[in-house]
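**Q** Sequence:
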Amino acid sequence: MTQSMFIVWRESVEALLVIGILQAWVSRQQQAERLRRYVWSGAALGLLLSGVLAGLILIAGEAMSGAANEWFQASLALLASLLIVQMVGWMHRNAGTLRHDLTRRADQRLGRQGGMGLLVLALLAVSREGSETVVFLYGAGARLQGPSLGLFAVGAIAGLVLSLLTVSLLHGSRRFISWTRFFAISEAILLLLGAALLVSGVERIAGQLLAMDWPEAVYRGIGDALWDSSVILDDGHGLGGFIADFTGYRASPSLLILLAWLGYWWAVAGWLRPAKAEKLPCPS
Numbered sequence: 001m002t003q004s005m006f007i008v009w010r011e012s013v014e015a016l017l018v019i020g021i022l023q024a025w026v027s028r029q030q031q032a033e034r035l036r037r038y039v040w041s042g043a044a045l046g047l048l049l050s051g052v053l054a055g056l057i058l059i060a061g062e063a064m065s066g067a068a069n070e071w072f073q074a075s076l077a078l079l080a081s082l083l084i085v086q087m088v089g090w091m092h093r094n095a096g097t098l099r100h101d102l103t104r105r106a107d108q109r110l111g112r113q114g115g116m117g118l119l120v121l122a123l124l125a126v127s128r129e130g131s132e133t134v135v136f137l138y139g140a141g142a143r144l145q146g147p148s149l150g151l152f153a154v155g156a157i158a159g160l161v162l163s164l165l166t167v168s169l170l171h172g173s174r175r176f177i178s179w180t181r182f183f184a185i186s187e188a189i190l191l192l193l194g195a196a197l198l199v200s201g202v203e204r205i206a207g208q209l210l211a212m213d214w215p216e217a218v219y220r221g222i223g224d225a226l227w228d229s230s231v232i233l234d235d236g237h238g239l240g241g242f243i244a245d246f247t248g249y250r251a252s253p254s255l256l257i258l259l260a261w262l263g264y265w266w267a268v269a270g271w272l273r274p275a276k277a278e279k280l281p282c283p284s
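When you line the sequence shown up against UniProt numbering, it's residues 1 to 284, in that order.
Keep in mind the hints are simulated off the structure, nothing from the lab.
By construction, the Cβ of each residue, glycine as well, lies at the ideal position given by its N, Cα and C atoms.
Misleading hints may appear alongside valid ones.
The calculated label-pair distances, taken between Cβ atoms and stated as ranges, are [stated by the list, open to error]:
1) H171 with L255: 35 to 41 Å
2) Q31 with A184: 18 to 24 Å
3) L48 with G111: 24 to 30 Å
4) G111 with G236: 54 to 60 Å
5) Q208 with G96: 16 to 22 Å
6) I189 with G270: 17 to 23 Å
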């Protein structure tokens, strides 16, 4: 539940930020009311495209069974992890110029294509966030069933409601939390979640590899635990389960899991090192 709530919350806030910037820009144009309809029509079409993607992924998952389904779920979990790192890196580098770049593209599209250009710009922005959300949610919840799946869905709805409250708070006052601080905190949590998705995907791949005919040394690297810290912090329930969901912590990690986790953070450090945190302009 907490994973889905955070994913939808963070992605929805980013989508609402983009729409807010476009709304502020439109309000300064002639025929603002007509242009506003184009922006919201593009946002609605972006949500529709995201829903179509979600349906296609679910259909593809249902059409597969056994090992094929495991490989598919593992691939989506790894893709979600990669997208998280890419998205955080992009925001880290472009946050300071986001508003300027977006309004510049809006000016260009309005001049060349009129209202349809704005519609396409809003469609692309919202469908990108929506598509990322779909991939993230599938990667995190593909194995859930019954009550757990229901709670996962409830978490997604709660995340949407929370995003609306968050945007209202961020627009209303900067005394509690600024846009810069919000994105810094949420990006850190996203990177932790990316590590959890990576570990989940690698575990599924390891399960398939263990079913193949490999030398004994490979089996030990894939399946044998290096240690067992479940007495101190069990990853199956309670606080340990919560930390496992958000960081990829495992009480009994194999060598493969440990190397994947360490490699992830090494790659993240290399990807983000050249960037400097910049202030994210809040739409007026």
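**Q** It remains to establish, for every hint, whether it holds in the given structure.
**A** Verification of the hints:
no., hint, in the structure
1, H171 with L255: 35 to 41 Å, "48 Å, violated"
2, Q31 with A184: 18 to 24 Å, "38 Å, violated"
3, L48 with G111: 24 to 30 Å, "27 Å, holds"
4, G111 with G236: 54 to 60 Å, "58 Å, holds"
5, Q208 with G96: 16 to 22 Å, "43 Å, violated"
6, I189 with G270: 17 to 23 Å, "20 Å, holds"
Of the hints listed earlier, those the structure fails to meet are numbers 1, 2, 5, in rising order.
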